[in-house]
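Trainee: What follows is each chain in one-letter form.
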Amino acid sequence: MPRYTDNEIIIPYCTDASNGKGYADELVIPDSVNEVVEFMRSTRGMVTLSGGGTGLGGGRIPDGGSIVSLERFQACTYDSALKQLTVQSGVSLADVHRIASEYGCFFPPDATEWGASVGGTMATNASGARSYRYGASRHHVVAIDVLLANGELMRLRRGQHTAVDGILKLPSAGGDVYSIPVPAIPRPLTSKNAAGLFLVPNLDAIDLFIGSEGTLGVITAATLQLQILPESVTGMIIFFQTSDECVSFVEAIHENELRRLVTPPRLVEYFSSSSLAVMRTKTTGIPDNAHAALWVEIEHASDNADEVLEQWFGWLKDYTPLGDETWIAGSDAGRERLRRFRHALPSGVYERLTATGQRKIGTDFAVPHSYLRQLVENYAEYEQQFGDRMILFGHIGNAHLHANFFYANDSEEREAQNAYMNLLEFTLRVGGTVSAEHGIGRIKKEYLRKMVGDDTINTYRAIKQTLDPHWRLNNGVMFDRV
Amino acid sequence: MNILVCISQVPDTTTKISVAPDGKSMDATGVKFILNPYDEFAIEEGLRLREKHTGTVTALTVGGDNAKEILRTALAMGADKAVIIKDAAKADSFTIAKSIADYASSINPDIILLGRQSIDHDSFQMASTLGGLLSIPSISVVSKLEITGTVVSAERDVEGGKEVLEASLPIVISAQKGLNDPRYPKLPDIMKAKQKPIEEITPAAITARVDVVAMDIPATARANKVVGDTDADIAEFVRLLHEEAKVF
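Chains as they are written, first to last, in this note's numbering: chain A, 1173 to 1654; chain B, 390 to 637.
Derived from the structure by calculation, the hints contain no laboratory data. Warning: the hint list may mix true and false statements.
[To be verified] Here are the simulated DSS-like cross-link-like pairs (lysine-lysine), alpha carbons at most 25 Å apart as the crow flies:
(1) A:Lys1454 to B:Lys551
(2) B:Lys581 to A:Lys1489
(3) B:Lys566 to B:Lys551
(4) A:Lys1454 to B:Lys585
(5) A:Lys1454 to B:Lys575
(6) B:Lys551 to B:Lys575
(7) A:Lys1489 to B:Lys583
(8) A:Lys1489 to B:Lys585
(9) A:Lys1617 to A:Lys1532
(10) A:Lys1454 to B:Lys566
(11) B:Lys575 to A:Lys1489
[To be verified] Some, not all, of what chain A presents toward chain B, calculated at C-beta under 8 Å:
(12) Tyr1250
(13) Ala1253
(14) Leu1481
(15) Leu1494
(16) Gly1625
(17) Asp1627
Where a beta carbon is used, it is the ideal one built from N, C-alpha and C, also for glycine.
Please work from the sequences and hints to get the whole structure.
Mentor: This is the structure:
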């Protein structure tokens, strides 16, 4: 098993898309499950797990000790009867999507960054645009292999171990039973949440590990439930003169869905005026008087595309005078261009930072749906104030937007921090979450504590203490030991 | 400017292809067909030329009735007219080029635009054959196009650089990815495109120049090989790249 201590080799593993930096004594790249089991059994030091390095929370940035990268865990098997794909943790999401499509299926969660690894995706319970309809990753995972800090490997199937009366009992191979406290902790009333451990009554053991950001165990493989590809998907970009019109339409989508009046979209994404400004530099045809836009995708049977288009067109005209300008992507290639276009916003941000030496703070807050309009209004004020030092986009269907604030000097940094903290305060006041999808990592621990309170953090610590008594795994991620 | 855009319907890239019982054609059962991706750039370029120089854009395809679907897409994007040359068999590149050339002779276009290749048969022949049949210049795989008066300036990506060519109208141009960013059709235009007429043309009888003898599905991907990272392994790796993978 390759073990490296040469700094030149280790350094690329000491950062991620958060742009933070850490250090480590060695880098370990196991070739097989046996090797990583043996490594955990025979060593005692701290371990930071490394996935694709696309995380925005600094979850893979080490703080000394060893880095374990599962990049060589590339095995993959498919059960065609059950349409289940079992993949090891090093497989990229791009490969998952490609393999699924070869079998006429797809993996519904669509985390924006396809360079992410399955391991990272599981650790953060990643989600993306399509989670509007399909929810985050955990809903599509039927089993995981998880390696505990002591080197014990467990295969957990959904439904196998669930919490009863606030205790989750997990039998170990040695005959002992890990007894994990699972008190009922109020969850935010948002449709997405990636902040903190997933603690619910009747908790399934699998869901404790998924989203635990590598603090409780190493997920070495996952069995993903694929779904059959829809016959047809139509993508649309709908333009609005104001963000207010746009919010009204998003609310109408919800309402009509509840009343089953429209074919429901699988994603509802927002482009604010600042995003449109960036898009205008890269494409033509965006109406001059558009100051907000939605990207939606609708799954339907191949023979009812006309019906779906007419239905949407019929009622979107009531919400925007720019209805006639709506762009339609009926082909896979056209939709793929829309997807890449949307992805160009965050990745463009990342490139801009790297090229100009600027830094950024990005929000990942979500609020309960009833506060969507207020959320958008709050963000819009900052958009006015910050000009091209801010870009706003995101999953408006889930009342979950990403605002990135850029800064090049101390005073700009203070301004950005103030805006971030004000928005955070608003989010917490209305019962929202500090992280809807990126996770806490090392960057947002203090915000998580603010959100859930010290008692809950102590519960997290107790759970970790049970499964990882020496705090070897991702120590300092999500919450601190003291 | 009289602009003719030739487009083609091809199997979706994600479709699993199988060979028909005759052993020399594709089995179309269950295959999803799409507009050839490179042709989208040709349509867009035609529309941009019309916006700049005024004129008409005629979208043309050769195929069976189901190929009308891609003409609807071209109309929705903004083409003025749609024409289908009814020939579901499409025996070879020559017969297709000849029937397009016959039609082109009847409308005398200033420019004929098409995708650099159709992604089903990948013959890359259409632009040059059309140019030959019509005795006009053709420039293939164009990534930038400027027309001033009758002077055509076309840029092509070549290994490690760019090549700029000049010619004059009338001309055949095949489009490379990156020539432009194709627009998305607008909702009302999609509705209107469904109502527009599509002119149908019966081609003259043309003898194919090429016979397909057999068609086969490629053998499944080769197994991966893992070599180590010692100096000897690296030498072996280089040898494998050279002798087995034949990459250099």
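Trainee: Indicate, hint by hint, whether the structure satisfies it.
Mentor: Status of the hints after comparison with the structure:
Only pairs whose Cα atoms come within 25 Å are accepted, and lysine 1454 (chain A) paired with lysine 551 (chain B) is accepted, the gap being roughly 22 Å. Note on lysine 581 (chain B) and lysine 1489 (chain A): the hinted pairing holds, with a Cα-Cα distance of about 17 Å set against a maximum of 25 Å. A C-alpha spacing of about 15 Å is found between lysine 566 (chain B) and lysine 551 (chain B), which places the hinted pair at or below 25 Å, so the restraint holds. The hinted pair formed by lysine 1454 (chain A) and lysine 585 (chain B) fails the criterion: a straight-line CA distance of about 32 Å is larger than 25 Å.
Between lysine 1454 (chain A) and lysine 575 (chain B) the CA atoms are separated by roughly 19 Å; this keeps the pair inside 25 Å, and the hint holds. A distance of roughly 34 Å separates the Cα atoms of lysine 551 (chain B) and lysine 575 (chain B); the hinted pair therefore is violated under the 25 Å criterion. About 20 Å separates the Cα atoms of lysine 1489 (chain A) and lysine 583 (chain B), which keeps this hinted pair within 25 Å; it holds. The hinted pair formed by lysine 1489 (chain A) and lysine 585 (chain B) meets the criterion: a straight-line CA distance of about 23 Å does not exceed 25 Å.
For the suggested pair lysine 1617 (chain A) and lysine 1532 (chain A), the alpha carbons sit about 18 Å apart, so the restraint of at most 25 Å is met. Restraint check for lysine 1454 (chain A) and lysine 566 (chain B): the C-alpha separation of about 16 Å stays at or below 25 Å, so the hint holds. Distance restraint check for lysine 575 (chain B) and lysine 1489 (chain A): the Cα-Cα separation of roughly 13 Å lies within the 25 Å cut-off, and the hinted pair is therefore satisfied. Interface hint at tyrosine 1250 (chain A): violated, since its Cβ lies 15 Å from the closest Cβ of chain B, which is beyond the 8 Å cut-off.
With a cut of 8 Å, the hint placing alanine 1253 (chain A) at the interface with chain B is violated, because the nearest CB-to-CB distance is about 19 Å. Against a cut-off of 8 Å between C-beta atoms, the interface hint on leucine 1481 (chain A) holds, since the closest Cβ of chain B lies about 6 Å away. Look at leucine 1494 (chain A): its Cβ only gets to about 10 Å from chain B, farther than 8 Å, so that hint breaks. A least Cβ separation of about 48 Å between glycine 1625 (chain A) and chain B goes past the 8 Å threshold, and the interface hint is therefore violated.
For aspartate 1627 (chain A), the suggested interface contact is broken, since its CB lies about 50 Å from the closest CB of chain B, more than 8 Å.
Going down the numbered hints, you'll see the structure goes against 4, 6, 12, 13, 15, 16 and 17, while the others check out.
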